[in-house]
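Q: Sequence:
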Amino acid sequence: MKRINNVLNIKIMSFLLLLAGVTAESCSNTEASTQNIEEKGIPVNVTKLRQEKLSIPMHVSGNISASKESRLSFKTGGIIESIFVDEGDQVKKGQVLAKLDLKEIQEQVNQAIVGLEKAQRDYNRAYSLYQDTVATLEQLQNAKSALDVAMANLNIAKYNLKHSTIKAPMNGVILKKFFEEDEIVGIGIPIFYFASSEDAWQLVVGISDKDIVKLKIGDKAKIKTDAWPDRFLDCIVSKIANAPGQTTGLYEIELSIENPKVKLKHGFFAKGEIYPSELNECLSLPIDAVQEGIGNLVQFYSVSEDGRHAIKQEINIIAIYDDKVYIKSNKLDDKMLVIVEKQKELKHLDEIRIIDHNLLAIKN
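Residues 595 to 958 in the working numbering are what the sequence shown lists, from first letter to last.
Treat the hints as calculated values from the structure; they're not laboratory data.
Treat the hints with caution; some may be incorrect.
[What the hints assert, rightly or not] Below, simulated DSS-like cross-link-like pairs (lysine-lysine); rule was C-alpha separation at most 27 angstroms, straight line:
| hint | residue 1 | residue 2 |
| --- | --- | --- |
| 1 | Lys662 | Lys761 |
| 2 | Lys833 | Lys814 |
| 3 | Lys906 | Lys941 |
[What the hints assert, rightly or not] Ranges between beta-carbon positions, derived for each pair:
| hint | residue 1 | residue 2 | range |
| --- | --- | --- | --- |
| 4 | Lys808 | Gly780 | 42 to 48 angstroms |
| 5 | Ser871 | Asp927 | 28 to 34 angstroms |
| 6 | Ala835 | Lys925 | 29 to 35 angstroms |
| 7 | Asp824 | Asp917 | 18 to 24 angstroms |
| 8 | Lys906 | Ala821 | 39 to 45 angstroms |
| 9 | Ile881 | Asp928 | 15 to 21 angstroms |
Using N, Cα and C, we set each Cβ at its ideal position, and we do this for glycine too.
I would like the entire structure built from these sequences, with the hints used as guidance.
A: Okay, here's the thing in structure tokens:
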């Protein structure tokens, strides 16, 4: 009887041990299954879109020029005897650039001198006769008028002689030469197109009618040149045209370059952005959130309403600054969560797992 009880106890103990093992294995499988469920999906970090006010930049390009440019000409007509400079030459103030054939003009001066000498003698004679009461007052006055006319003719001849030579009005550069030696030119016909190198530099660009209304005198701008690609030049809007150009239909804007610390030359190509003082409501997202982009069209992933899936988004941006991408505020929900990493691993509607659940709580 005692032996039977021992056998029975052994069987009961074996059953209990077996049951405990099965229970433990079942619990272990349940925990593992639960853990797999909880960790299902690609782990991602997310952030919220931010509401901001931004001065939407206007992209412009053009060629730099001197603020002061002029056309240089002779004050009298004649044959060009000599031209001493060519296009692109740097010149100093007072430097002789060109002169006319002075033979005819010098003869005019000589003729005026002879005429003045004769008028002076006539006046002296009339004065003596008037003193002796031989000549009348009218005759004396006529002689004086003739003397004045002769003096004026000499001054005109000397003026023409002086201005039959073109001199540089200031330090600068010859941008264009319109005539060659031995050609005949008329009074005031431009011979050179000249730009000063002493004054400020400017960039003249064309702006459309929808953008011109957003600009004001004094608005800021930044440009850079191909010659100095790593240097940004600060500018301000100094002049806004009141009417569009007849050929382009665009409004000309002058950007004055403020204190350039690099050497500029006329004709340097430059491009940059004007920042209107008018601010626009927009949304921003980190540039790390952008998966790829072509032009202004970029792709990124947002989080679905249930917080468990990646939603592929495409949208046109309005600007990129530093580490942010800006879009119009009416294009997306400002409460949208944006995925900021592992975009390369994601596809549309992939299951995800948000690492920071506090952001999901904010969204909901």
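Q: Now, for every hint given, state plainly whether the structure supports it.
A: How the hints compare with the structure:
{"no.": "1", "hint": "Lys662 / Lys761", "result": "16 angstroms, holds"}
{"no.": "2", "hint": "Lys833 / Lys814", "result": "12 angstroms, holds"}
{"no.": "3", "hint": "Lys906 / Lys941", "result": "7 angstroms, holds"}
{"no.": "4", "hint": "Lys808 / Gly780: 42 to 48 angstroms", "result": "46 angstroms, holds"}
{"no.": "5", "hint": "Ser871 / Asp927: 28 to 34 angstroms", "result": "29 angstroms, holds"}
{"no.": "6", "hint": "Ala835 / Lys925: 29 to 35 angstroms", "result": "33 angstroms, holds"}
{"no.": "7", "hint": "Asp824 / Asp917: 18 to 24 angstroms", "result": "20 angstroms, holds"}
{"no.": "8", "hint": "Lys906 / Ala821: 39 to 45 angstroms", "result": "42 angstroms, holds"}
{"no.": "9", "hint": "Ile881 / Asp928: 15 to 21 angstroms", "result": "18 angstroms, holds"}
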